[in-house]
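Chains as they are written, first to last, in our numbering: chain B, 14 to 396; chain H, 3 to 213.
Think of the hints as simulated: they come from the structure by calculation, not from any bench.
Each residue gets a CB set at the ideal place from its N, CA and C atoms; glycine is no exception.
Where hints are given, some of them may not hold.
What the hints assert, rightly or not - Just so you have them, the derived chain B footprint on chain H, three or more residues with Cβ under 8 Å:
1) 113 to 120
2) 126 to 134
Unchecked claim - Listed next, the in silico DMTMM-like pairs over lysine to aspartate or glutamate satisfying Cα-Cα at most 25 Å (straight line):
3) B:81 to H:113
4) B:333 to B:235
5) H:128 to B:108
6) H:128 to B:118
7) B:121 to B:143
8) H:112 to B:83
9) B:303 to B:357
10) H:112 to B:86
11) H:128 to B:143
12) H:128 to B:83
13) H:128 to B:126
14) B:200 to B:166
15) H:112 to B:143
16) B:200 to B:189
17) H:128 to B:166
18) H:112 to B:108
19) B:214 to B:330
20) B:333 to B:358
21) B:257 to B:335
22) H:128 to B:129
23) H:112 to B:66
24) B:200 to H:113
25) H:128 to B:120
26) H:112 to B:166
27) B:257 to B:42
28) H:112 to B:118
29) H:128 to B:86
30) B:266 to B:42
31) H:112 to B:26
Claimed, not checked - Here chain H is said to cover these stretches of chain B; the calculated rule only asks that three of the stretch's residues, wherever they fall, bring their Cβ under 8 Å from a Cβ of chain H:
32) 88 to 95
33) 102 to 111
One letter stands for each residue in the lines below.
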Amino acid sequence: MITFESVSKRFPDGTTAVDDLSLEVPEGEVAVFVGPSGCGKTTTLRMVNRMIEPTDGTITVDGQDAMKIDPPELRRRIGYVIQQIGLFPHRTIAENIATVPQLIDWDKKRTNERVDELIEVVGLPDEVRDRYPHQLSGGQQQRVGVARALAVDPPIMLMDEPFGAVDPIVRSRLQDEFLRLQRDVKKTIVFVTHDIDEAIKMGDRIAIMSEGGHLQQYASPEEILAHPATDFVASFLGAERGLKRLALIPVSKVSAVEGPVVGPDDDGARARAVARDNGSDWVVIVKDRKLLGWAHVADIDGSGRVGDIEAKPFSAEIYKEDSLRAALNAMVTSLTGVAARIGDDSAYEGLLTQELLARELQDSDPGPGTMTGAEVNEEAERV
Amino acid sequence: MDWAWVGSHLDDIQHLLLQHITFTVSALFFGFIIAFPLALVAARYPRLYQPILGITGVLFTIPSIALFLLLLPFTGLSETTCILGLTIYTLLVLVRNTVEGLRGVPDDVKEAAEAMGYRPLALLMKVELPIALPVVIAGLRIAAVTTIGLVTITALITFGGLGAFFIDGFRRDFATPIIVGIVLSVALAVAADLSLVGVQRVLTPWARTRR
Ligand SMILES: Nc1ncnc2c1ncn2[C@@H]1O[C@H](COP(=O)(O)OP(=O)(O)OP(=O)(O)O)[C@@H](O)[C@H]1O
Ligand SMILES: [Mg+2]
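Bound conformation, chain H alone (with noise of 0.2 Å):
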């Protein structure tokens, strides 16, 4: 462990920590935007269920480099290639807990809203949403996790992210930068785990009380 490379380095520790951050949100982000609404509709017609499991469940198998070489001639060796990749793997994960939290909504709450007078947009929002939330929030840390993990790959494309240092540590047989490396994503995925956590907290005390 050389600590003289570490505190040289700070500068491009930073950087590329940020970056990391940068492409993991941004595939959640992403992920979401595009698995939320097919969640719904999954939710709501159970036969188009199976067929979006499907097709996102074989994006999900698909070898991480094979898909970022598969995106390549479109996209081009981009960031923009490693946030469509990233995205893509999240949306198994998203779409089936969505889907799932929706589905554990018990019967008799939806239709003791329904009697109460709630239109259909207000039950989802105000009634099924809220009480998916926990198996929603679940399904974004294991999304987050699983991303953070592939953004070291996404290091090959574009050099970007703390899988850099995993390149520059194997190609100049150093250690430093490779151990900085895998500190730093496990201390990521930790502590996006960990805030999430804190989100879904906040986001539903009810949860909390539960026996």
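Bound-form chain B, shown alone (with noise of 0.2 Å):
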């Protein structure tokens, strides 16, 4: 656990980088610190293990105040990803992995043990072993810089942009893969970016602050989304705030509307008439409740059974585990302007429709800035 109270930091220019910061990053959680250039994100991070002193107010990692511990120490504790990476261009991808080992002395058989275990881990080729840091991409010296900061296991993490110097795709992947280490490792971590997708993405809490070191608000990412607390909060969001809120929102959350189902066997007049009480001009399509697909209603015969047409494929069909904001863009691309939900054991389970999409929202948030129906319909041409 990590706890900043009443922290503030002055350079001896006059610069006043945080602004009497008082915080708590629990155990095991991510918390992530964001905010526009220059705000203080490496000023807060860099206080936690002494590289910057506060001017005023206490840090306490796991309950001692960090003033107290003799600095080299306590970073030998706390894994440190820089900005820029920094990685030493005079060892070699082991060498630089096993740079804290070394510095405690763990003996040669552990610290190769752990270098093998950490090049898997951070998905890096075994070859890069012995290769010196400028032979590797960007993308691959993120994740030795990301390995090194692992290597003796910290319980605390500082990471300052760890994945800003790589392309959106390989960035993604990183963030995938860090979220799914830290669900087995559960380390305290502190995580700086400027971007605010990849502050939601990652962050079990997220920071928010502004220029001057001011914290805006401190709050997990639904919170943040459903509630700005301040103007420079709902900006920094940006006008896509709803999107944002439903890709934070499981399918699974929202129950399927049935729909107008029939059933191939079934003839033109039947389909009209289930078309006719949903409202729609069309029907689906689902035979032992597999989904075969969509038809209009117009182009199946009266007297003909729905089988004999050929059915339309959904353009996207959503699962539980997706978020409404797959679903709302399936809907969008979609000619019925609704999504097919699938379940586990691929059977159909019912439609979701932009109207339940609004309704969710409004029910998860009663308060202030919920979007409207209307709304989630104009974010959707926008999608």
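Take the two lone chains and join them into the complex the hints point to.
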């Protein structure tokens, strides 16, 4: 656990980088510090391992006052991924990763085993072991930076834009791998980024900071998206706040509607009746609980079978672990305007409609800042 | 070219060559011993860098004959005078290259080392100096080659080193010793340079693979 109590940092030149910051990062959670460039994120991070010392206030690390611990000792207990990666150019990848184990005198065997393990954990190919940093790609270097910080399995990690120097595709992969890893290792992590989407994805909690080192809000991503505490937070979250909220809600949270379901053996007249009851001009075709597709009723002969015409596939099938944002995306790309939800046993579970999404946003947030159905539609058009 | 002279003076040649090498190595050794702490101070306190460079720079620009003449009243016509003078000439390049080498260590690398828990001395020895090494050795190479050239002048003081052949040759208007002196000092300079390159390749394998 890391606690900041009324922590401020003023540099000798008069810059206030952090202003009266109080917050707590609970054991095993990821707290993301996010804010525009120069708002004091790196300064905050560096006060935890005393690379920068606070002007006022107290920082405690696992209950101990950080100022009472010898800095090198403190730093060896805290993994740090530096913003600019900072690999040692004169050491091989294995030697880079072994930095802290060597500082605290691990024996060769234990160090080597740990290096091998970490190379695998961060998803690097074996052959990079004896290469030098400049022989690696940017993404590989960032992985080495993370492996080096993890070397002695520190309970606390400070990560300063650890995925900043790579392209969006690699970044997204590194984020996913990091989240998977964190599920197993459960470290207490302070993670810095200036990318709000990364913050929402990675954080159990998000601290939004503004210029001058002011903490604007510290809460879960859901809470921040539903109730931005200040205008600064709202504008930092941007115009797509509703979409970002949808991205956090799993499809399993809303119950699907049955929809105008017919079987392939039903005739055209029945299909028309079902569609009319549902207020649509199309039907969903399901056989033995399996989704076959959909069809316009106008295409089915009054006396003919539904199965006589070819069912059109839905543009996307949505599973329970997908987000409502993915469901919305499926809706706006489909002619029917709905998304078909498929269960674990690949059975048809019903339809998701834009109205259901809007209602979900209302229900989970009775307060201000909720999107109306019309706004959902507006947002949907932008997707 | 009088090969018979060469044949009959092999002992002299060997002796003067060794002396030349001794002067060079001593000057580089003492130069480094003095320059290194100065460089560390200059790298640590940037305000002192210009004054330190200024002083070693002025020393470097004193014409060599004049410098040795200035030293004569203190240390006389001795080997000490030679080595002292030569040492003074190495300072500028050794200080400058060591400081530039240390300054060239990227900030993010130093910060990362600090964040990993290096104490200041270990950081200097295990991170900063190894990374600065190629630039430091480049300074040593320049100093070595310059010194080998200068040792020929110190012959005026002690009649030692390969320069003794030049004096001998000029006095007797006899070309062979001069040629021997030139060939050997050039060969020595090349050999010194190549061996320092070799040392660097061994000590900094990481710099070799650099694009
Ligand atoms: N050593 C220093 N002396 C004076 N001012 C500093 C120092 N270090 C940082 N600052 C100032 O403190 C403020 C916060 O800097 P900090 O590096 O913490 O920002 P940041 O949020 O990490 O920015 P970025 O997203 O660009 O990395 C900035 O205005 C910066 O200029
Ligand atoms: Mg920063």
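The hints, checked one at a time:
no. : hint           : verdict
1   : 113 to 120     : holds (count 8)
2   : 126 to 134     : holds (count 3)
3   : B:81 to H:113  : 21 Å, holds
4   : B:333 to B:235 : 19 Å, holds
5   : H:128 to B:108 : 12 Å, holds
6   : H:128 to B:118 : 15 Å, holds
7   : B:121 to B:143 : 16 Å, holds
8   : H:112 to B:83  : 19 Å, holds
9   : B:303 to B:357 : 12 Å, holds
10  : H:112 to B:86  : 17 Å, holds
11  : H:128 to B:143 : 19 Å, holds
12  : H:128 to B:83  : 20 Å, holds
13  : H:128 to B:126 : 23 Å, holds
14  : B:200 to B:166 : 9 Å, holds
15  : H:112 to B:143 : 22 Å, holds
16  : B:200 to B:189 : 16 Å, holds
17  : H:128 to B:166 : 23 Å, holds
18  : H:112 to B:108 : 16 Å, holds
19  : B:214 to B:330 : 23 Å, holds
20  : B:333 to B:358 : 11 Å, holds
21  : B:257 to B:335 : 14 Å, holds
22  : H:128 to B:129 : 23 Å, holds
23  : H:112 to B:66  : 18 Å, holds
24  : B:200 to H:113 : 23 Å, holds
25  : H:128 to B:120 : 19 Å, holds
26  : H:112 to B:166 : 22 Å, holds
27  : B:257 to B:42  : 21 Å, holds
28  : H:112 to B:118 : 21 Å, holds
29  : H:128 to B:86  : 18 Å, holds
30  : B:266 to B:42  : 23 Å, holds
31  : H:112 to B:26  : 23 Å, holds
32  : 88 to 95       : holds (count 4)
33  : 102 to 111     : holds (count 4)
Going down the numbered hints, you'll see the structure goes against none, and every one checks out.
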